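Residue-level listing of the chains:
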Amino acid sequence: MDVDFTSEDQAFRAEVRKFIEDNYPKHLIGADRGDLSKEDFLAWHKILAEKGWVAPSWPEEFGGTGWSVTQKYIWNEESAAFGTIPPLPFGVAMLGPVIYTFGNQAQKDWVLPGIKSGDTWWCQGYSEPGAGSDLAGLKTRAVRDGDDYIVNGHKIWTTLAQHADWMFCLVRTGTEGKPQAGISFLLIDMKTPGITVRPIITIDGGHEVNEVFLEDVRVPAEHLVGEEDKGWTIAKFLLGNERSGIAGVARSKKAIDRLREIARGELEDGAPLLDSSDFSRKISELEIDLTALEYTELRTLASESKGQGPGPESSILKIKGTEIQQRITELTMEAVGNYASPWVPQLDRGDNYLSIGPDHAEGVSQTYFNTRKTSIYGGSNEIQRNIIAKMVLGL
Amino acid sequence: MDFSFTEEQTLLRNMVQSFVQDNYDFDSRMKIVRSEEGMSREIWGQFAELGLLAAPFSEELGGLDGGPIDIMVIMEELGRGLVVEPYLPTVVLCGGILSRHASPAQQEANLPGILGGESIWALAYSEPQSRFNASDVLTSAKADGEGYVLNGTKAVVAAAPWADKFIVSARISGEQRDRNGIGLFIVDKSAAGVSTQDYPTVDGNRASEVTFENVAVSGDALIGSAETGLSILEEALDHGIGAICAESLGHMKSLNDATVEYCKTRKQFGVPIGSFQVLQHRMVDMFMEYEQSVSMTYMVNMKLNEGEEERKKAASGAKVQIGKSGRFVGQEAVQLHGGMGMTEELSVGHYFKRLTVIDTQFGNVDHHLKRFASA
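So the protein sequences, as listed, match chains A and B.
Going by this note's numbering, the first residue of the first sequence is number 54, and it counts up by one from there.
Going by this note's numbering, the first residue of the second sequence is number 44, and it counts up by one from there.
These aren't lab readings, by the way, just hints derived from the structure by calculation.
Here the structure is a predicted model, which is why all the values come from computation and not from measurement.
Be a bit skeptical, because a hint or two may be false.
[Said to hold, decoys possible] With the C-beta cut set under 7 Å, the calculated list includes, among others, these residues of chain A facing chain B: (1) 55; (2) 119; (3) 123; (4) 334; (5) 337; (6) 355; (7) 441.
Glycine is no exception: its CB is placed at the ideal position from the N, C-alpha and C atoms.
Kindly generate the complete structure, drawing on both the sequences and the hints.
Here it is as structure tokens:
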């Protein structure tokens with residue numbers, strides 16, 4: 054047991070750092086996620102695809118990098134330290150593993166390359182107005198009609214569906230037995246007639262999530278992944294993978310560095326806020342909790358590298374990771390004091406707009422409000438506790 | 044980076060685990076705690092036979108070439124059994140100081156007694172006014188010819204009632220809280236002028252107020268020098284933190300297991316109380332506190348031999364985690380056991396009490412948050 058980096062690890066770190074510095078698009082350095090176009094989101098993804106580094110966690114035969122746990126850790130650290138916009142999770146982290154685990158050969162052949170290249174933008178059709186935490190209660194129906202399914206229903210909270218080419222979707226194909234029993238996993242082309250995407254504006258003023266309405270949407274049956282009515286297993290597998298990537302340790306570290314920087318620039322009674330013992334105590338507590346999470350994630354990765362998939366323990370990573378992200382954004386907002394209040398949406402800023410207050414106060418309250426989503430999405434933190442209670446504690 | 048245990052470490056864990064299970068169940072433990080001496084010399088002798096007392100020391104010193112990870116494994120299992128025998132003060136604290144910083148002559152004279160189980164040691168460093176600051180030393184060591192004369196009082200010295208020898212921090216020069224001028228002295232408990240007031244502590248251990256009145260020691264009782272005394276001491280206390288973090292994992296694991304088991308069997312309103320979601324989520328929070336504590340315990344024990352700054356930060360960070368988590372798990376375990384959790388006859392309360400003492404031992408959450416921030 055040790056935490057030392059070998060000289061090979063150090064060399065690897067130097068290599069990836071140099072690659073990021075040399076190749077990351079200049080116009081995206083420090084860009085705010087809320088202002089990104091579709092091309093912006095994909096710019097770095099495509100550079101990584103070229104390099105073969107877009108999906109480090111995939112098995113090598115499907116295009117993974119074959120990196121060790123330590124190398125993946127270094128990659129995440131360096132990416133976060135530079136502040137890159139990571140490849141979107143819907144394809145690489147969510148659907149990819151589903152396809153190479155449950156998909157047939159034809160699906161592997163067309164889905165995986167599009168994910169890697171970034172040519173296909175995927176969105177996730179899981180939640181419905183009546184099926185949130187109780188996901189198995191979903192009602193979107195898919196009825197077999199010859200070689201097609203005809204899909205009718207209503208999905209919600211579909212992140213970045215406004216850019217999506219395709220959606221992976223949970224649909225109800227059976228109504229007998231337990232609600233989990235009649236669910237299927239379907240891939241749907243967003244250009245199919247009958248699909249309407251409607252934006253939902255969230256409390257931070259942003260447009261990330263959408264409603265997706267499906268009206269007599271015809272989906273070729275070849276786009277069914279796995280067996281009909283057996284989609285629940287796939288749905289849970291995907292959620293497990295989603296949880297294990299969700300801790301966001303390296304990016305939280307970077308956010309704490311930024312918080313400290315801000316607190317150094319803010320004054321309280323003429324002295325840097327960072328020197329206030331009350332404030333620095335809160336930062337220390339955050340850092341300690343983050344260190345614990347970091348080692349919990351490393352332990353999880355270490356056991357995964359020995360062939361154990363992400364177990365229900367990965368729910369800890371989701372709960373603790375999101376709690377920490379929320380505390381960081383909350384404390385960052387606290388740090389800027391009065392200048393957390395001004396709120397002028399981009400669209401309302403004329404040509405003569407003068408920025409208000411210090412630069413570092415820009416967007417901190419938006420980020421705070423936006424980050425409240427993290428304990429709700431991906432299975433709310435209460436659902437994660439239910440999972441641990443049932444699967445780990447046997448209650 | 045590697046999170047796996049060696050084969051030797053796994054064997055060590057299995058050995059300590061089965062020893063504790065076979066010889067140190069809760070009833071045996073309470074008999075030992077309530078005995079006149081408050082510890083078992085027989086158990087201590089068995090620790091020596093099993094090689095536990097030699098485990099962390101290098102082969103040149105007669106040890107088994109282990110390190111902090113081996114101590115971590117041992118302490119975690121001793122924690123599960125709420126073992127009171129003085130492994131921490133004798134082996135981890137005093138043995139650690141001797142092995143890292145004593146002269147070859149001092150090592151030769153003292154380490155065989157520790158490894159063989161013949162002598163018990165206590166680290167006498169805290170004082171009535173010092174709280175958690177190891178540099179706040181009023182006990183004086185006045186040079187007297189080749190040797191020194193010690194005067195002063197040490198507070199709540201764990202294991203002192205059983206000890207044959209002390210390592211004592213005493214001020215050779217400087218003001219009360221100066222970082223320089225503190226020496227660490229090997230002192231026989233039987234030396235003229237040493238007196239102790241012995242008492243039990245809430246966690247079933249024993250401690251003493253130790254008074255030194257014109258105690259004469261020779262010059263070769265000094266470990267290191269007056270310049271290095273405090274850094275040697277602080278390093279030892281960080282190693283102590285690594286060890287009690289591991290010990291607390293044993294406590295938290297035992298409490299969590301017992302609480303889940305109890306909630307599955309205890310029925311109210313016609314159903315097991317573990318079926319109530321409000322209690323399930325409480326137990327999940329206990330489980331997460333434990334897991335985060337495991338992570339911090341691994342972290343600190345992997346970093347004890349790194350540079351001073353990194354070691355301090357690691358130790359303080361881990362101690363904050365364990366302090367908070369131990370308190371939370373202890374309090375919730377009592378709560379979920381209801382009235383039964385309040386009783387002396389159940390082990391739950393005893394784990395809770397030991398965790399409560401651990402929060403204070405070597406500095407509490409507030410102390411280590413400050414130290415973490417300044418490191």
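Next item on the list: Double-check residue 123 (chain A) for me: the hint is only fine if its C-beta lies closer than 7 Å to a C-beta in chain B.
Entry: At 5 Å from the nearest chain B Cβ, residue 123 (chain A) passes the 7 Å test, so the hint holds.
Notebook entry, point to check: Would the stated hint for residue 337 (chain A) survive a check requiring a Cβ distance to chain B of less than 7 Å?
Noted result: Residue 337 (chain A) check passes; min Cβ-Cβ to chain B is 5 Å, inside 7 Å.
Next item on the list: With a cut-off of 7 Å on the beta carbons, see whether residue 355 (chain A) makes it to chain B.
Entry: Holds. Min distance 4 Å.
Item checked: Hinted contact residue 334 (chain A) with chain B - closest CB pair below 7 Å -> Interface hint status for residue 334 (chain A): holds (6 Å vs cutoff 7 Å).
Item checked: Restraint check, 7 Å cut-off on beta carbons, for residue 119 (chain A) near chain B -> Hint on residue 119 (chain A): violated, closest Cβ of chain B at ~17 Å, above 7 Å.
Item checked: Interface hint for residue 55 (chain A), Cβ within 7 Å of any Cβ on chain B -> holds, 5 Å
Next item on the list: Would you check whether residue 441 (chain A) satisfies its interface hint, that is, whether its CB is within less than 7 Å of any CB in chain B?
Entry: holds, 5 Å
Violation of the numbered hints given earlier is confined to hint 2; every other hint is satisfied by the structure.
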